[in-house]
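Sequences are here, hints too, so could you generate the full structure?
First to last, the protein sequences are chains A and B. With the first sequence counted from 1, adding 4 to any position gets you the numbering used here. With the second sequence counted from 1, adding 124 to any position gets you the numbering used here.
For the record, the hints were derived by calculation from the structure and aren't laboratory data. Beta carbons are placed, not taken as given, at the ideal position from N, Cα and C, and that holds for glycine. Where hints are given, some of them may not hold.
Unchecked claim - With a straight-line Cα cutoff of 25 Å, these simulated BS3-like cross-link-like pairs (lysine-lysine) come out: (1) K416(B) to K57(A); (2) K302(B) to K44(A); (3) K272(B) to K320(B); (4) K614(B) to K516(B); (5) K416(B) to K173(B); (6) K57(A) to K628(B); (7) K44(A) to K381(B); (8) K397(B) to K57(A); (9) K272(B) to K302(B); (10) K449(B) to K648(B); (11) K381(B) to K57(A); (12) K173(B) to K272(B).
Claimed, not checked - Incomplete in silico selection of chain A near chain B, CB under 7 Å: (13) G59; (14) G66; (15) T73.
Unchecked claim - Not the full set, but computed from the structure, chain A residues with beta-carbon under 7 Å of chain B: (16) I8; (17) L10; (18) E17; (19) G26; (20) S32; (21) E36; (22) G38; (23) Q49; (24) T53; (25) S61; (26) L65.
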Amino acid sequence: MNDIPLTMLESGEWAEVTNVSGNPNIVSRLSELGVMNGCKLCMLQQGQTCLLKIGESRLSLGCLYSDCTIMVRPVI
Amino acid sequence: MHEITPPLKSFRIALLGNPNTGKTTLFNVLTGLNHRVGNYPGVTVEIKKGSFVHQSSVIEILDIPGTYSLAPRSPDELLSVELVLGLNPLEKVPDALLVIADASNLERNLYLATQAFETGLPVILALSMVDLATAGGVQINFKALSEKLGIPVVPIHASKRKGVDELKNAIVSLQTEKCMPPVPLFLPEVINNREKILGLLGDKGSLFLAGRLLFETDGFLAQQLERKLALSLAPAILEGRKALESVGINLVSIEAKSRYSWIRELVQPCIRKPENKVTGFTDRVDRILTHKVLGMFFFFLIMFLMFTALFVLAKPLMEWIGEGKNFVGQGLESLLPEGMFRSLLVDGLLEGVGGVVVFLPQIVILFGFLSILEDCGYMARAAFLMDRVMAKCGLSGKSFIPLLSSVACAVPGVLATRVIEDKRDRLATILVAPLMSCSARLPVYVLFIGAFLTEGYGWWFPGFVLFLMYGIGFITAPIAAMLFKSTILKGKGAPFLMELPVYKMPSFTVVFARIYEASLSFLKRAGTLIAATMVLIWAVLYFPYVSSTGENYPELIAATENKEQQDALLLDWKKNSFLGRVGRSIEPVVKPLGWDWRIGVATLASFPAREVVVGTLGIVFGLGKDTQDEQQLLEILQKAHWNDDPDQPLLFKVPSALSLMVFFALCCQCGSTLMVIRQETGTWLWPAFTFVYMTSLAYLAALLTFQVGMLFL
Chain A
5 MNDIPLTMLE
15 SGEWAEVTNV
25 SGNPNIVSRL
35 SELGVMNGCK
45 LCMLQQGQTC
55 LLKIGESRLS
65 LGCLYSDCTI
75 MVRPVI
Chain B
125 MHEITPPLKS
135 FRIALLGNPN
145 TGKTTLFNVL
155 TGLNHRVGNY
165 PGVTVEIKKG
175 SFVHQSSVIE
185 ILDIPGTYSL
195 APRSPDELLS
205 VELVLGLNPL
215 EKVPDALLVI
225 ADASNLERNL
235 YLATQAFETG
245 LPVILALSMV
255 DLATAGGVQI
265 NFKALSEKLG
275 IPVVPIHASK
285 RKGVDELKNA
295 IVSLQTEKCM
305 PPVPLFLPEV
315 INNREKILGL
325 LGDKGSLFLA
335 GRLLFETDGF
345 LAQQLERKLA
355 LSLAPAILEG
365 RKALESVGIN
375 LVSIEAKSRY
385 SWIRELVQPC
395 IRKPENKVTG
405 FTDRVDRILT
415 HKVLGMFFFF
425 LIMFLMFTAL
435 FVLAKPLMEW
445 IGEGKNFVGQ
455 GLESLLPEGM
465 FRSLLVDGLL
475 EGVGGVVVFL
485 PQIVILFGFL
495 SILEDCGYMA
505 RAAFLMDRVM
515 AKCGLSGKSF
525 IPLLSSVACA
535 VPGVLATRVI
545 EDKRDRLATI
555 LVAPLMSCSA
565 RLPVYVLFIG
575 AFLTEGYGWW
585 FPGFVLFLMY
595 GIGFITAPIA
605 AMLFKSTILK
615 GKGAPFLMEL
625 PVYKMPSFTV
635 VFARIYEASL
645 SFLKRAGTLI
655 AATMVLIWAV
665 LYFPYVSSTG
675 ENYPELIAAT
685 ENKEQQDALL
695 LDWKKNSFLG
705 RVGRSIEPVV
715 KPLGWDWRIG
725 VATLASFPAR
735 EVVVGTLGIV
745 FGLGKDTQDE
755 QQLLEILQKA
765 HWNDDPDQPL
775 LFKVPSALSL
785 MVFFALCCQC
795 GSTLMVIRQE
805 TGTWLWPAFT
815 FVYMTSLAYL
825 AALLTFQVGM
835 LFL
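As C-alpha cells, this is what we get:
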C-alpha cells in the first residue's frame with residue numbers, strides 16, 4: 005500500500021481518501037462535506053493551509069493544525 | 125413599509141440551505157422589505173422572519189442560518205435545529221420546509237436536503253445557480269428529479285426573479301397537497317436502533333432527531349434534549365451505539381456514507397455531467413488568486429485599489445453634501461435672529477452632524493466594495509491566503525473575515541466572530557477587531573491627509589498614506605492577537621475548514637441591501653448619539669458666555685467691527701468656557717503628542733463615538749466663524765497656530781497630524797463596540813480590558829510617532 009498523508013500530496017495531483025481519523029467532531033464535519041473514505045480529491049494548492057477540490061466544491065483546510073489525519077492514495 | 129398581520133391560517137415555512145447558495149437573495153426576493161429579525165435568548169445568531177401574500181394566501185418564512193448539515197454542535201446551531209423541528213417554545217412547528225440547493229454542486233447540497241426529508245414535513249426543493257451548472261457542462265433533468273423525489277423541484281434565479289413565481293405557486297399549492305419526500309435509506313441495523321430512540325421521544329420525535337442522537341459524536345444534542353424535554357435518553361442511545369459498533373459500523377462516518385450513497389443512486393439518472401473534468405473558470409482564476417506568491421500580490425493590489433478608490437470616488441460627492449450643508453446653514457442664518465438658539469442650531473447641530481454626514485459617500489463606497497468582494501467569492505480566498513499568517517498568531521483564517529469586516533465597522537466585525545467555533549480564538553478575535561481601522565476613523569484620516577499630506581505630493585500619495593493608516597490595524601491586530609493567545613488565552617486553535625464558493629458576478633440586490641442597511645444605521649447614529657454629543661459639546665463650549673469680569677462675550681463681539689478684536693474675544697471666550705477649562709487642564713498630558721488643548725478636547729469628546737471629532741474640531745476651531753464646509757475646516761486647520769496666537773508657531777505639522785491619526789487608529793473610541801463586546805462575551809471584563817489596552821497603546825504609539833517624527837520631518 006502506498007498511502008501517504010494528505011499533506012504530502014503535490015499541487016495538481018489526484019488521490020483517493022483511504023482513511024480519516026482523529027477528533028470525531030472534525031472527522032464527522034469533514035464527512036458531511038464529502039471528505040471520507042473512498043472519495044476522490046485533487047490538491048489545488050499545497051501548503052500549510054491547503055486547497056482541495058472534492059466533487060464540485062473547493063475546500064480549504066488548515067492541514068497541519070487540525071487534530072485529524074487524512075491518508076490518501078495518489079491516482080494517476 | 126407596513127407589517128402584514130397574518131390571519132390565523134397563515135402557512136409557515138422554514139428556509140434551509142448551505143452557505144453561498146443564494147439563500148439570502150431568495151429570502152429578500154420572496155419577502156421584499158417585509159421582514160424583521162427574530163429574538164431568541166441565549167444565542168447569537170440572527171434569524172430573520174418575513175412574509176408575503178400570493179394567491180390570497182399568507183406565507184410566513186423563517187430564514188434559518190446557512191449550514192451544511194443539521195448536526196448541532198453549538199447553542200447557535202441547536203437553535204436552527206429546534207426551529208426546523210418545532211422544539212423551540214417561541215415558534216410553532218413549520219408547516220413545510222423550503223430547501224435551496226446549489227445546482228452546480230448538487231450532491232453535496234442534497235446532503236442537507238436528506239436530513240430535511242426525515243423531519244416528517246413536506247419539502248420543496250429550489251435549485252439555484254442553474255446557469256453556473258449549465259456553464260460547467262452539467263445538465264439536470266428537473267422533471268425526472270422531481271418525480272424521483274416526489275416533491276416539487278423548482279429551478280430559480282432569484283436576483284433575476286426567474287422561477288420565483290413558480291416557487292410561490294408550489295408553496296401555495298403545498299397547503300392543499302402535501303408532497304412528502306422519500307426517506308433516505310440506511311442499513312437495517314441503523315433503522316432498528318433509530319426506531320427504538322424514536323419511541324422514547326414521543327410526539328416531539330422525528331426520524332431525523334432519533335438518527336441524530338444515534339450518530340452524534342459528542343453527546344451535545346442528547347444533553348440539551350434531556351434537559352429541555354425532561355427525558356432520559358442516554359441509556360437507549362448508548363445501547364444503540366454499542367449494537368451498531370458490534371456489527372462493525374463506524375459511527376463517525378456511517379451517516380455521511382449512507383446519505384451520500386443514497387443521493388448518488390437517486391441523482392445519477394437525472395443528471396448529466398461532462399465526462400472529462402473540465403477545469404472551469406473558478407479553478408483557472410484560483411490558480412492565480414490562491415497562489416502563495418501571486419495570490420498575495422493580488423490581495424495587496426486589491427486592497428490598495430480599494431482604498432485609493434475610496435479617496436478618488438468619494439471626493440466630488442462629499443463636496444456636494446458640503447455645499448448642501450452650506451446652503452442650509454446660510455438659510456438658517458438669514459431666517460433666525462442672532463443669538464444662542466441660532467448658534468446651537470448652526471454651530472452645534474448642523475456643523476457637528478453635517479460634518480459627520482459628509483462622510484456618507486465613503487461609507488457607501490467602502491461597504492459597496494466589501495460586499496462586492498464577499499458576494500463574488502473573493503473574501504473566502506482572502507481568508508484562505510491569510511490562514512497561514514493568522515496561524516502564526518495562533519488564530520485561523522476564519523478570524524480574518526471578522527477582521528476585514530471591521531474595516532467597515534467593528535460592530536458587525538465582532539458579530540461575525542460567531543463563525544469561529546473555538547472559544548479562545550473567538551475571544552482573541554473580538555479583542556483585536558476594534559484595532560482595525562473602521563469607517564468612523566475615515567473622516568479623521570481624510571481630513572488630516574487632505575490638510576497636511578496632499579499638497580506638494582504625487583496624486584497617488586494620499587491614497588498611499590490612507591492605505592498605510594489602514595495598515596496599522598492590519599499589523600497591530602494580529603500582533604495583539606498573538607500576545608493574547610500566548611498569554612491570557614493560551615490553547616490550541618481549532619482547525620481551519622472552509623468552503624470556497626464559485627466565483628460569480630456579484631448580485632446588485634445583495635450589494636445594494638448591504639449598502640442601504642449600513643447607510644441607514646450610519647445616518648441613524650449621526651441623528652442620535654452623534655447629534656446629542658454635538659449639542660453637549662456646543663453647550664460646554666458656549667457656556668459660560670460671561671467673562672470673569674462680568675462682560676457678555678456675544679454682546680462684546682457684536683459691538684465691535686474690528687475683525688482682529690473679534691477673534692481675540694472669541695479665543696478668550698472659548699478658553700474660559702467649561703470645555704476650555706478642562707482642555708487647558710489636560711494640555712500637559714497631550715502636549716507630548718504635539719497637540720494643544722483644543723485637539724485634546726476634541727479627542728476627549730470623541731470617546732463615545734470617534735467620528736464626532738471632525739465636527740468637534742469644527743466647533744472648537746470655528747465657533748462663530750464661518751466654517752460651513754469641509755474645505756474651510758481644512759484651511760483653518762492648516763493655518764491654526766498654537767493656542768490661536770498668531771505669534772506662536774503653526775499648530776499642525778506633519779508629525780502632529782500623524783500622531784493624531786495614529787492615536788485615532790489605535791484608540792478605543794466607540795461606545796457601540798464596547799456594548800457589542802459586552803453582549804457577545806457576557807461580561808463587562810472584556811470591554812473594560814479592550815478599552816484600557818487600546819487607549820494605552822494609542823497614547824504610546826502617538827507619543828512615539830510625534831517624538832520620532834520631530835527628529836526627521
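Right, here's what the structure says about each hint:
no.	hint	in the structure
1	K416(B) to K57(A)	holds (17 Å)
2	K302(B) to K44(A)	violated (38 Å)
3	K272(B) to K320(B)	violated (29 Å)
4	K614(B) to K516(B)	holds (14 Å)
5	K416(B) to K173(B)	violated (42 Å)
6	K57(A) to K628(B)	holds (18 Å)
7	K44(A) to K381(B)	holds (14 Å)
8	K397(B) to K57(A)	holds (16 Å)
9	K272(B) to K302(B)	holds (16 Å)
10	K449(B) to K648(B)	holds (17 Å)
11	K381(B) to K57(A)	holds (19 Å)
12	K173(B) to K272(B)	violated (31 Å)
13	G59	holds (6 Å)
14	G66	holds (3 Å)
15	T73	violated (12 Å)
16	I8	violated (19 Å)
17	L10	violated (12 Å)
18	E17	violated (13 Å)
19	G26	violated (9 Å)
20	S32	holds (5 Å)
21	E36	holds (4 Å)
22	G38	holds (6 Å)
23	Q49	holds (5 Å)
24	T53	holds (4 Å)
25	S61	holds (5 Å)
26	L65	holds (6 Å)
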